[in-house]
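**Student:** Sequence:
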Amino acid sequence: MAKDDDTAFDQAGFDEALRRRARMVEAVLRQVLEQRPLAGEIARPQRLIAAMQHGVLAGGKRLRPFLVMESAALFSADGEAAARVAAALECVHCYSLIHDDLPAMDDDDLRRGQPTVHKAYDEATAILAGDALLTLAFDIVADEATQLAAERRAALVLALARAAGAGGMAGGQMLDLQAADAPPDEAGIIRLQAMKTGALIRFACEAGAIVAGAPAAERERLAEFGSAIGLAFQLADDLLDLTADAGTMGKATGKDAAAGKATLAALHGEDWARRQLAGLVAQARALLEPYGAHAAMLADAASFVAARNK
1 MAKDDDTAFD QAGFDEALRR RARMVEAVLR QVLEQRPLAG EIARPQRLIA
51 AMQHGVLAGG KRLRPFLVME SAALFSADGE AAARVAAALE CVHCYSLIHD
101 DLPAMDDDDL RRGQPTVHKA YDEATAILAG DALLTLAFDI VADEATQLAA
151 ERRAALVLAL ARAAGAGGMA GGQMLDLQAA DAPPDEAGII RLQAMKTGAL
201 IRFACEAGAI VAGAPAAERE RLAEFGSAIG LAFQLADDLL DLTADAGTMG
251 KATGKDAAAG KATLAALHGE DWARRQLAGL VAQARALLEP YGAHAAMLAD
301 AASFVAARNK
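In terms of UniProt numbering, the sequence shown is residues 1 to 310.
Worth flagging that the hints you see were computed from the coordinates, not collected in a lab.
Take these hints with a grain of salt, some might be off.
Said to hold, decoys possible - Below, in silico cross-link-like pairs of lysine to aspartate or glutamate (EDC-like), each with a Cα-Cα straight-line distance of 20 Å or less: (1) Lys261 - Asp185; (2) Lys261 - Asp271; (3) Lys119 - Asp107; (4) Lys119 - Asp109; (5) Lys61 - Glu16.
If you're wondering where the values come from, they're calculated on a predicted model, not measured in any experiment.
Whole structure, please, built from the sequences with the hints as guidance.
**Tutor:** Next comes the structure, spelled out in structure tokens:
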């Protein structure tokens, strides 16, 4: 129900759309994480598959897959191919969570209200589960079962690799580790967050346009939208770390402050962060104006990112 502020939206309608997309993507995830080996595979160890399933099928909003499918929907391309690309992206995201939770990284025992993979299994199995999920993501996109022209599949593989690798998410995690010893300035924090969190969200929005074979200008517009909501997502996450409790979040909170991590919310304060969130939502929604009502769910996703409580 629209109000005067840019963060107001139909929460119930959006939640239902999010659940509907999540069910579609989870059906693909269950299929690709079956025990039965695929053509060219020798065998799938039961313990490894179980750990991968634990890391992927334990719930979650599935926001990144939602963004893939809704971006594709702008061009009437939100079918099975988009669902498979969305599932591939979720594999990358979940691999990163499994590895982030390890004792050598963030050392978390809880994820989505359940034991983290290394707690439910062991550290070595968690590392392998993450490795296998990352590899599986590219398997899904490259497979002919993702019924797209070869050049579109290749473009998706390249864009996902750039978003997930040394110049994207993994590089952002490295910067985050280094920040413990040498806290970055504001520009450094923005760069770190754009890589660690924002890169996969940017890819999610751009991927829908690639799936659809949309023109380069449309692909870039959606990527810019993804960058805006990626920064908004991290700002909201930083605020939640400061203000929410572990029971609400389903994971430990207050860890950034305890570790002395530099965040924009800590640097400028809660009120500043909330004003920035509102500005980023307005910027993101403005980028979608050329699409009119067709982009309503994507516009609501920008508001959801800022208003979420977990």
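**Student:** Each hint: holds or not?
**Tutor:** For each hint, the structure was consulted:
As the CA atoms of Lys261 and Asp185 are separated by approximately 11 Å, the hinted pair is consistent with the 20 Å bound. Between Lys261 and Asp271 the CA atoms are separated by roughly 19 Å; this keeps the pair inside 20 Å, and the hint holds. As the CA atoms of Lys119 and Asp107 are separated by approximately 10 Å, the hinted pair is consistent with the 20 Å bound. Of the supplied pair hints, the one linking Lys119 and Asp109 holds, its CA atoms being roughly 6 Å apart against a limit of 20 Å.
Restraint check: the Cα-Cα separation between Lys61 and Glu16 comes to about 11 Å, which is no more than 20 Å; the hinted pair holds.
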